[in-house]
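*Asks:* Protein chains in written order, with the numbering used here: chain Z, -10 to 89; chain V, 15 to 548; chain A, 2 to 212.
It is worth saying that the hints were derived from the structure and are not from the lab.
Keep in mind the model is a prediction, meaning the values are calculated, not measured.
Relax, there's no trap hidden among the hints.
Computed from the model, here is a short list of chain V residues facing chain Z with C-beta under 8 Å:
(1) His191
(2) Leu219
(3) Val223
(4) His255
(5) Phe259
(6) Phe306
(7) Phe307
(8) Gly310
(9) Gln318
(10) Ser319
(11) Tyr321
(12) Ala322
(13) Val325
Subject to a maximum C-alpha distance of 20 Å in a straight line, what follows is the list of computed SDA-like cross-link-like pairs (lysine to any residue):
(14) Lys113(A) - Leu4(Z)
(15) Lys40(Z) - Asp19(A)
(16) Lys162(V) - Gly145(V)
(17) Lys88(A) - Ala42(Z)
(18) Lys40(Z) - Ala21(A)
(19) Lys88(A) - Ala21(A)
(20) Lys113(A) - Gly162(A)
(21) Lys88(A) - Leu14(A)
(22) Lys40(Z) - Arg15(A)
(23) Lys40(Z) - Glu32(A)
A virtual CB, placed ideally from N, CA and C, is assigned to each residue, including glycine.
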Amino acid sequence: MRPLILSWAGLLMLLALTAGLAYLPLGAAEMPVALAIAVAMAVTIMLVCMKVATAPRLATIFAVGGLCWFLVLLSLGSVDYHTRTTLPVAGAIRPNWNEQ
Amino acid sequence: MSEPVNYLTNGWTIRSWLLTHDHKRIALLYLVSITGFFFLGGAAAALIRLNLLTPEGALVSAETYNRLFTMHGIIMVWFFLVPAVPVTLGNFIVPLMIGARDLAFPRLNLLSWYLFMIGGLVALYALFVGGVDTGWTLYTPLSTNYSKGHVVAAVVGIFISGFSSIATGLNFMVTIHRLRAPGMTWFRMPLFLWSLYATSVILVLATPVLAMTLILLSLERLFGIGVFDPALGGDPLLFQHLFWFYSHPAVYIMILPGMGIVTEIVTTFARKKVFGYKFIAWASIAIAVIGFFVWGHHMFVAGQSLYASLVFSILSYLVAVPSAIKVFNWLGTLHKGTIRFDAPMLYALGFIGLFTIGGLTGLFLASLAVDVHVTQTYFVVAHFHYIMVGGMVSAFFGGLHYWWPKITGRIYPEMWGRVAAILIFFGFNLTFFPQFILGYLGMPRRYHSYAPEFQILNILSTAGSTILAAAYLLPLAYLTWSLFWGERASANPWRATGLEWRTASPPPTENFAEIPVVTEEAYEYPPPEVAQHG
Amino acid sequence: MAETQVGMQYEDLRHQSDTALIGMWLFLATEILFFGALLFTYMIYRLWYPDGFIAAVRHANILIGTLNTAVLLTSSFTLTAGLLYAKAGDMRRLIYSCVATIGLGLLFMALKALEYAEDFRERLVPGTNFALADHDGARIFYLFYYTATGVHLVHLAIGIGLVLYIARRARRGDFTAQAHTPVEVVGLYWSFVDIVWLFLYPLIYLVGRGG
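With the rest of the complex left out, here is chain Z (with noise of 0.2 Å):
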């Protein structure tokens, strides 16, 4: 029991961590860094809670395996997204993808 409770009060200091972080101006390293404490929580639950590391081996393999998918979708369907030529056209709502 000890082990869950400690791990529940790092995450709520975690959670109390990210939320106050969200406040600093650290442009464009807010996203990887509130992601990266997501994940930090994440993990403490899918190893305190749902007990992956002692799981049956499959079971790691298909959470990672759906993971891996995702990524897929993510980064190959992005490409279209990151190579477009994008024309402005008057007058309408249009991305500012490419003006930095």
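Given the coordinates of chain Z, work out where chains V and A should sit on it, guided by the hints.
*Replies:* Structure of chains V and A alone, referenced to chain Z:
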């Protein structure tokens, strides 16, 4: 002398069927539903072909025509091709072939049938009461902003049936991992199981993306948020990316089980070990994996970036390689085999030829320059019908005939089986080969009328479809006939290898009196003597 | 008192239990793709409309959001405590843990309802009279926000139902210290719903607030 109890005679009430946990009964429940959907989708096709007899398309209005091809596509894709082999032959045969008494999660299996039925009924409601005119591909902004059809209702039906797909895929994957009989290693499994495993991987990974896409589509249509609407800052192409991320792997869901059936039939009717077992096994996995990386080839002219199109084009060529490997392996299996031309073999041979043509024309389409010319024409229509109908439906019929004795305990009339197979092959080619030419000459798809110079080829195609329709009705007739008057089948009428043939036809509810222990590799011909009955 | 049944397709109870866990993990893998499609949409539009998204994030109620995250985190731990009690054979405390988990889940929903009410009051709903209409892309943020939190709520409701189910079975005496797989399986699902929220939280409430 009383017959031993088998899964069919074990309980006669409707309750015992509708609340069954037995994978074999669930397979039959599905078989009835799937057959119904097939003929409904086919009826829509018949009306389409009849309309296309004349250039003006005088049979139905343009609006009705749009609803017909949408109905045909939605029913055939989601309520026939995607489920058919896995839920009928897969459900029935997988536990038997693997040496198990049922699937891993029998109640989930029953639930998936109910989800399928509910989804199907909702979709049918939408399609018949008012109809949907967007094409099965539901492209935005037509589906979200302009269509006057029952888009959301149809989408809800498809969404519900998606859960059925995921449940089936999950069940098969876990079953194949966990319930193999003692001695049945992965590489001793019949290859039908490898293809169903690969199919299941796609089912569980791709279908959830479709589910979310359909939610977004419905929200856009109902509330006009702008996720796909350019006027509000959205990207209509995003819909296509999300849609095809599912729908391209979906076509491999449709074909992989058929390929597995062909391997089973070819080995049995050539009485020969399969050529290159591991190649076929890994090719199935490769098709499933690489199949996820090619979806952009449906969007070459849609506004996708040229660079992305290049990437998808190259990957699309790559995905053809494992399929081609399978074709060579089937030919290698046939070579110097002791070939019998029973009906299942005729279907399998038809598959090999027609799938090859369909697959090769896929490569034409994967080439960017050629695709610009033939995209959205009948060339594409012919390409996928060669694979789906010439390939997949033939394989389904082949498997149905092959395992019919096991499922029903009856032998179908062989002569009629062969007649139907040959008629299907002939009718199919007459229907769809002219469409390659029509597409190349420029006839666009999804139009209820066409330029007069295309009429002759259209008439040929419609003539072929009439033969095809009659040919499809034949098995319905003689297979049903065989249920009552067909010769009774022994445990292993084909003298095939495979654990499913080592139990009675039809099998008892618990599948095997004793779980077999596997000591041989797959397809070791000649097989050991049939040990016992039921 | 019901004995745990072992299906005829399984060798023994262990075979069945492990298979059930594997099945749930596979299901959770599919859920990654389900939410993943929505996250992909978010990613694309965030890159297209950074201003609209930042404006919307700044209007999000970070107090309720953070509170809710804490509530869900705690609920994962109460349910895991329940699992530990089940393993020790203490079914009474298992039931208490389930009740606590359900309570926290309902608290989450209540806070969310308050938040939605406030969103409507502040006209943070795309449509006519949209408060952030002059920020390109804010509408799409709100599509993501309502869809993601809505779908998450549905999953949470199902989770509450499942926890109720195992609480009832525990009360009926279905579980023993050796055989309580449904508790583990539901625990996996519940933790997953928690993890989804852990990623929605920064995307909705945090990133873009800086400076």
